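Enquirer: Using the sequences and the accompanying hints, generate a full structural model.
2 protein chains.
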Amino acid sequence: MNTIEQMERFVEPRSIAIIGVPRRTGEDAFNILENLLNYGFSGRLYPVNPLIDRILGIKAYSSVKEIPEVVDLAVIATPRPPVLDIVKECTEKGIKAMVIVAQGFADGDEEGKALQAEIMRIAKAAGARILGPNSLGVANAFNNLNTSFVMSNMEKIPVGIICQSGIFFPGLHRLIPVGKAIDLANASDIDFSDGLEYFENDPDIRVILLHIEGIGNGKRFVDVASRVTKRKPIIALKSGKSAHGAKAVQSHTGSLSGRTEAYDASFRQCGIIQVGDIEELGDLAKSFLRLPLMKGKKLGVVSITGAGGVLTSDACQKYGLEMAELEPTTLAKIRELFPPWLHVDNPVDFWPAFQLSGHPYREVIKRLLELVAADHGVDGIVFVSGVFANKELWDPSEDIIEVAHAFESKPIACWLYGPFPEIADKLEGYGKTVVFPTYDRAVRALARLREYAEFLEREP
Amino acid sequence: MNTIEQMERFVEPRSIAIIGVPRRTGEDAFNILENLLNYGFSGRLYPVNPLIDRILGIKAYSSVKEIPEVVDLAVIATPRPPVLDIVKECTEKGIKAMVIVAQGFADGDEEGKALQAEIMRIAKAAGARILGPNSLGVANAFNNLNTSFVMSNMEKIPVGIICQSGIFFPGLHRLIPVGKAIDLANASDIDFSDGLEYFENDPDIRVILLHIEGIGNGKRFVDVASRVTKRKPIIALKSGKSAHGAKAVQSHTGSLSGRTEAYDASFRQCGIIQVGDIEELGDLAKSFLRLPLMKGKKLGVVSITGAGGVLTSDACQKYGLEMAELEPTTLAKIRELFPPWLHVDNPVDFWPAFQLSGHPYREVIKRLLELVAADHGVDGIVFVSGVFANKELWDPSEDIIEVAHAFESKPIACWLYGPFPEIADKLEGYGKTVVFPTYDRAVRALARLREYAEFLEREP
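If you read the protein sequences in the order shown, they are chains R and A.
In terms of the working numbering, the numbers along the first sequence are unbroken and rise by one, the last being 1249.
In terms of the working numbering, the numbers along the second sequence are unbroken and rise by one, the last being 1249.
Treat the hints with care, as some may be off.
Same chains, same label: a pair holds when it works inside one copy or across any pair of copies.
As the list claims (entries may be wrong) - Only pairs whose alpha carbons sit at most 30 Å apart, straight line, appear in this in silico DSS-like list of lysine-lysine:
1. K1122 with K902
2. K1107 with K1086
3. K854 with K882
4. K1036 with K1122
5. K1036 with K1155
6. K913 with K945
7. K848 with K1008
8. K1221 with K913
If you're looking for bench data, these hints aren't it; they were derived computationally from the structure.
Please read these numbers as outputs of a predicted model, since none were measured by experiment.
Expert: Right under this line is the structure:
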């Protein structure tokens, strides 16, 4: 059985045993069985708890051995002490995939480290795979599966994350938009390479995110990641880069966070895009999902505000892009919309066009976006506007989307400010652009689209 | 008449003439008179438009000369051509403060530059002051005054901004929380030093923000700013720092953006906190308003997530803070809450404390925050938690606020994630902490509080 088939047991199980289901139910009972029922998981569920007969209308079993089938996945959600015995029972039953939720193994004391080693030995001998310990397990919105004891919002977003923390589960797409999540946590067995091989071939997933505290088998990771990045972008947040952070990693997942320079070099070599924080991880998930790559470094800026145009120009240099020099024909056509005293250049500051020349706002922005997108020297666009009235006349969404469709090869990133955020939400909803909270984050995301395009051009 | 009295005419006028009031009213008519009435401005208003008799129930005048008093402020909201004549009429009437809204002066062609110079000559000879051209004028939520033609939300927030763009007006506190705004735009006359002198002595304002494209009189600015920073923090976003941005500045406000290194050095010398983008400007406005300064560099981190603790440690090094070494007595008291296998250190990863040891969530976080805040080696705290249920038992707001009150000298910055953002909103509402969208921005803000404290210690 290959890695992908093994991973399918975790991410697409048809039957799950949950060992350690509590009696309590309700919003803050953190009951995995209840959560799975709420999500509408359609596979077979077997709660295991020797002290109860039934829970939420489902028969409970006193041990995994009594379950009338060999389940695809066992979620071991007890505290640490009984885990080793439960793993033994699961292997004896023939179960080949287990999530261990409890903490206090390689992330804990010496006893915990020894326990983890023993669990690994038993699992390996039985040909079973372990996710964790210290793991919330797996979330798969495409399958209504989520083994986290904390309820999450679930949405079928074609972004997969492989992480070492449950932090990416609660509220999933509020923090970063994710449709599938695999929490490696201590990564005693299932590791980043396994997750990558699964997502590489997963038709549901187009963008892969990593939250890495430490990687055990660096050589396999580089081999797998180098192959995957040619097909799907991988965006990584490396944690434990500071001296103190590295120390904290050891008591979090027991990982060795390793030399920062070595990770940086490997990521570059593999074509992995590295981000600085969680916010950028979320920005890039959306951007790689919705926007085409940048074919070159040249940015066109269409801005209702001169100040916004200047700030966007600054960000362009900060992130290694360049402001496009617009073609004379483009400039001439733009001038037709503008009062004669106005110097026309990139950034295109268009407020005077409709304020003084009497052209309606939407007509102006659509025409300018078309002209700048058609310019051969422009590889991507940042559009900046305030939304000053919650009216159709002042809502640029449809115009932006039409231009995005007409110029499929050029990303359009937006920054919309002002008192009507509902317009930004509407525009986001079309899924053809990303509306960023600032110009700075818009430019940063486009720069990363360029970085990935450069990698693909260099190593096709 | 001193600078402050001159500035009061702009920011606290009792009577305003609005020249160029349009006939149209309604959401997207951008009618300054209508906006002022909507805000509830209680001063006397005199619309000037020779083509109408009355508008919105108010008598209109055919010129400023017919207005039965010498108004404190004239807002000249016509296109460029008649502006020079209107300025002449205003000076002849004896009006000493004018906002010029029109574009196309120093920000436009040679004709515009000459016009601006001529306007300045006339105003100066008459002892009148000019704000603009190219300016939205002034917003003052404490006085229901806002001369922008775009409606803004107004809130009495003790933050004042001096800017060169109307971008800071629409939706004011959505972008950054501001209670008063002065848009210098071309800054032909009223400049940053004038604005600073006004805010220095303004009891409504505790934090001052600057959006700078260029400063004309650098020597006076350094003199004034150096004095003001000893009383109130000044936070500056310098725009036009890139080569292309500097070029764009010239067609935006006609300013010379100057050498970046010179600005950086002046800001350091004056104790001005410089930020990298608009988002940081907003973060710091809130932080300087609500949080005490950091007395030293040592950060304590209390985190529900080990991963969050690690990431916060990394950010600590990134922004020049240090992770505090907790006192042995603190560690011993923390251990009482924790399972024995758990390594206790800073960051304090507290999930196991209530998950395994059975202590209620709120009891744990309050106790830990108190212990860490009481530690003599800790100068500030980042609190990280998910909010996993919209229930009182899972709402940390009141506990955090109680600790913030008990330890008035130590800032507590929060990062709350998960599916219940309403809890973060509630916590923000108390005004004693700032809830950041990420750990990274929380640490960055605390580092800037330390930076300002260091300046005050160095130059008391």
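Enquirer: Hint by hint, note whether the structure agrees.
Expert: Verification of the hints:
{"no.": "1", "hint": "K1122 with K902", "result": "between (70 Å within a copy, 25 Å between copies)"}
{"no.": "2", "hint": "K1107 with K1086", "result": "both (13 Å within a copy, 28 Å between copies)"}
{"no.": "3", "hint": "K854 with K882", "result": "within (6 Å within a copy, 97 Å between copies)"}
{"no.": "4", "hint": "K1036 with K1122", "result": "between (59 Å within a copy, 21 Å between copies)"}
{"no.": "5", "hint": "K1036 with K1155", "result": "between (53 Å within a copy, 25 Å between copies)"}
{"no.": "6", "hint": "K913 with K945", "result": "neither (33 Å within a copy, 65 Å between copies)"}
{"no.": "7", "hint": "K848 with K1008", "result": "neither (46 Å within a copy, 81 Å between copies)"}
{"no.": "8", "hint": "K1221 with K913", "result": "neither (46 Å within a copy, 53 Å between copies)"}
Going through the hint list in order, the structure does not satisfy hints 6, 7, 8.
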